[in-house]
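A.B. asks: So the chains spell out like this:
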Amino acid sequence: MSKYRVVGNSHPGLSVAEIATGRGRYTDDWKLPGMVYGMILRSPFAHAIVKSIDTSEAESVPGVLKILLPWDVPSKRYNCSGNPPSPLLIQDEPILTDHPLHMGDRIAAVAATSRKACREALMQLKVEYEELKPVFDVMKALEKDAPLLHPEIGGSNLVKTMEAAEGNINTGFEESDYIFEEIYETPAIQNVSLEPNGCICDASVPGKMTVISTSQTPFQERRILADLMGLSENNVRIIKPFMGGGFGERQQLHSQPVAALLSRATGRPVKIIHSREEQMTASVVRHSTRIRMKMGVAKEGLIRAMQVEAWYNTGAYATHGPIVVAAGSRKTNYRIPHYEFKGHCVYTNGPVSGAVRGYGNPQITFARESMLNMVAQKLGMDPIALRLKNHVQTGDRLPGTDHPLLSCAVNSCVEKGETLRKAIEEEDMKNNGQQGLSHPEKKAWGVAFCCHTSGPSNREGMSSSIVMVNDDGSVNLLMGSADIGQGSETVLAQIAAEGLGIGLEEISVTAADTATTPYDTGTFASSQTYVGGNAVALAVEDVKKKMIQRLSEIRKLPPSDITFENGRFTVSGPEGLEHLTLKDATKQITFGAGGSIIAGSSSYKAVEAPPPFAVCWAQVAVDMKTLSVRLLNIIEAVDVGNPVNPEKVKAQVHGGVSMGVGYAMMEEIQVDQRTGKQISSDLLHYQTPLSRDMPGIHVCLAEGWEPSGPFGAKSVGELATVPVAAAITNAIAQATGTAITRIPITDAFRPAASPWPKRAATESPAVTSEKEGV
Amino acid sequence: MREIRIEINGSNYTSRISDNLTLLDFIREEAGMSGTKRGCDSGHCGSCTVLLEGRPVYACITLAIQAEGKKVTTVEGLEGDAAGQLHYIQQAFIDHYGIQCGFCTPGMLMVAAALLEEKPLPETEDIKAAISGNLCRCTGYTNIVHSIRMAAEDKLKQEGGDE
Ligand code: FES
Ligand code: FES
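From first to last, the protein sequence lines stand for chains A and B.
At position 479 of the first sequence the residue is numbered 479 (the numbering used here), and the sequence of numbers has no breaks.
At position 41 of the second sequence the residue is numbered 41 (the numbering used here), and the sequence of numbers has no breaks.
Simulated from the structure, these hints should not be mistaken for lab results.
From a predicted model like this one, the values you see are computed outputs, not experimental measurements.
We treat Cβ as the ideally placed atom computed from N, Cα and C, and that holds for glycine.
Each hint can be trusted.
Among chain A residues calculated to face chain B with C-beta under 8 Å, some are:
id, residue
1, Gly244
2, Gly245
3, Gly485
4, Gly487
5, Leu684
In isolation and in its complexed conformation, chain B is listed as follows:
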């Protein structure tokens, strides 16, 4: 047991945990945030994907102590520019039918957020590669890929328009 602190979505969470507690359990049980999903608990499905210092990781095979003192972003941490507004990728998933049952959605959103941060206008193949570690059983990935691409296009258009 040891006490650790992790910054999740801008707030600090401190907890006494055992060394083998996963980041997923820390987020869901210790921090009490249930947006990050557990599809397999073994690093095979991607539904638990969160950002650790901006990079996507499977929270179920990351130890909480690996995130000690670091910044973690979960789906609850995605925000739009204005208060109460959805993040533009969330909005794109809605507008372009990227959501069915939604169990893969939080993981997909986090991967997409990391991808678009790195590559503002990814090609279809880039998107497919980025989400290739995230299983979705409902969408055949079609509308997820489309949503991510549209998120990128809309964002660029908007930024262009603002200038």
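Excised from the complex, chain A in its bound form:
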């Protein structure tokens, strides 16, 4: 039982009834008076030059209002990332281009009175292309004769190299008894939010613009669009309606600048909704990586050194690339005295990469946790014991970072998860361990650990909130942070209700509307509960302080005689103690002597970004003949501090696990190297887990408490997905004796060339050197 009334108790969500009845209005469900439609003509080639565009036939399609070509739009380049401004956000993206750099790049756009007319017009646009040589591989893109994607930026396709270090890496390897080295590869994957990206831009009133869009970062979207349109921010209003998932994808602007220009040109509100094909080819993907991981370990199992060199494929435009790379360098959950991270962010003609749940972390975690399995095998140690021996604890720092951890409940994660795992095993033993097994199948468990962050790990998270107490004592909570379907509005309302001593039903939330709610950096870096929650908690404190001040003025008592505890005000007056609920106090303040309006506000800048921790176990059954893999069970134990809404935390983990399952087993954006075309252009050619692909998912919540969090809370959203792939591949490795260095494995897994641990020191890239005498 929670020690709080509202926090720690689950609630299914403030808007679930609207959703369940189909009344929740998502972007495409909005229609504005006079609204027309927009569509974008996209490059069929990964690299080309547009020689000419003949618009004559397209223009004569009935209903067509405007056609925009690359030379009709401002030449100003921008960065579509919804991160706060940073010199790392290189402005390399044109609104429309005559030099497409990836399949799906925006060439031209049309506005018309119907979607059908838009489609027809796009078909009638005659574009003459000259194909250029594309480059898709990061290593090839760095070669001297590679086609240069952005000559305006520099003489190479290297966007930036991000580094982090701790100790001295050479010393670390000298201190090690074993050195392991391996190359790992991870794929580009799509977010596959079920709702496609969309927006309605209304610039029909000159000098003003209103945008309804699938935005995780309305305030950044406002800044970028205001700049592109030459407007001041007060004249740009971004409204985020119901949203069908996000997972990072909507931390970028997609069609908004085009819709804004079309709206200005036609004087009508313009709606652009991505087709699924546009989602697949022209919405950001997770960076594919090639990771060289080198680890030095002392014989008793202490990691002395970890050296990472990683190449992140950022695709045709930089977007967040360098920040994603840097974020990956700050998520190592072990005490490693000598650490070196070098991450290269590289342009290619592949799909544009950006923010996807985990933001640079799942890649490195896959490599690191796969290697730790190798280490455990080599040292004959239990993989959990090895990890716990090296794991950070409260007071430690993550390598490459400078703030000591205020909380870490990894031991509780292990304890709870292991108890559950044993229960599953025992149940299984009742059936001789053969439950659900067909003949040549072998069962095995694998494990992986990780951490993530609560708010941007560069500590740039900011949020603010306004609490308005109405004259009946009910509350309107205004906040800038965007609920993208994960339930953050509910969690933040819980935090407010707890602080004010009222019920959740007495609070209404208005969020993510730049005209009516205060600033928030945006929904990314799993910020909402921690950064947004702290902002709400501060606004609650502010309102209580103001109410105490007013009560003291009315009663002519010093403010120190009035306190707020256990959900009510206590006044120590001359007649003894008097208790007032928020409602009672409000009555006295608003219409009582003097009358006053009750509103509190806050501005919160995150000084910490406390990592939540996760431990994940996967149980697989591998058919030893065909080597096809079935997932049986996944357990994930998470330390999210004190969970504000435990059932919703679990639900986040369920979803995170399914994305991890996809990452390990099946998801990959594939580009045909011969034709340069992206094959994964719809949901038939890009598989995501469906109900029958999912194993049993079991979630444990560790006993955690984060002192800097609102009511002890940390984050969960991204964390859940990070360790899953490695847990699965480690289980497969356990069953087959073959280390897996590349995901996805696809469901008909075939062993790689050399099985381990038989890989000898001499021939092996896995164990490159083994010192004498150990």
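Take the given structure of chain A and dock chain B with the ligands to it, following the hints.
C.D. replies: Same frame as chain A, but now just chain B with the ligands:
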């Protein structure tokens, strides 16, 4: 172009449409009901699932003319026993955390409604099979499967209790 009539949630909608208009467009644009979602428009995600004469179909790859004169049920047509009350499956999705972003929810609800009509107490595997054409990116299906099972159990309990 031709004029057709479709009965959606008990009301008749008549419209002049072209033969290639999909049922999804008919529902969203002609009938003006936005509860049915468009996730892919190509029959791969299930978010547009509606019931056509009680059977689930993907509205995005069903032509409106295929539904001519027939009964279509969308999420807006799900109702509880009493006025203003939620349908018991909707309530179960709420009570058992089957809803996150909610974009898959209308489709899932319609599949569940058809399933429970046919099989009042489905096993987990039946439920997984029934929703295997509906993509959800948020829930890992865990709470959706659970919600459907609980809807079935609660309903049976309630009916048993009423007797
Ligand atoms: S919208 Fe119909 S199946 Fe996806
Ligand atoms: S709840 Fe978001 S797609 Fe299912």
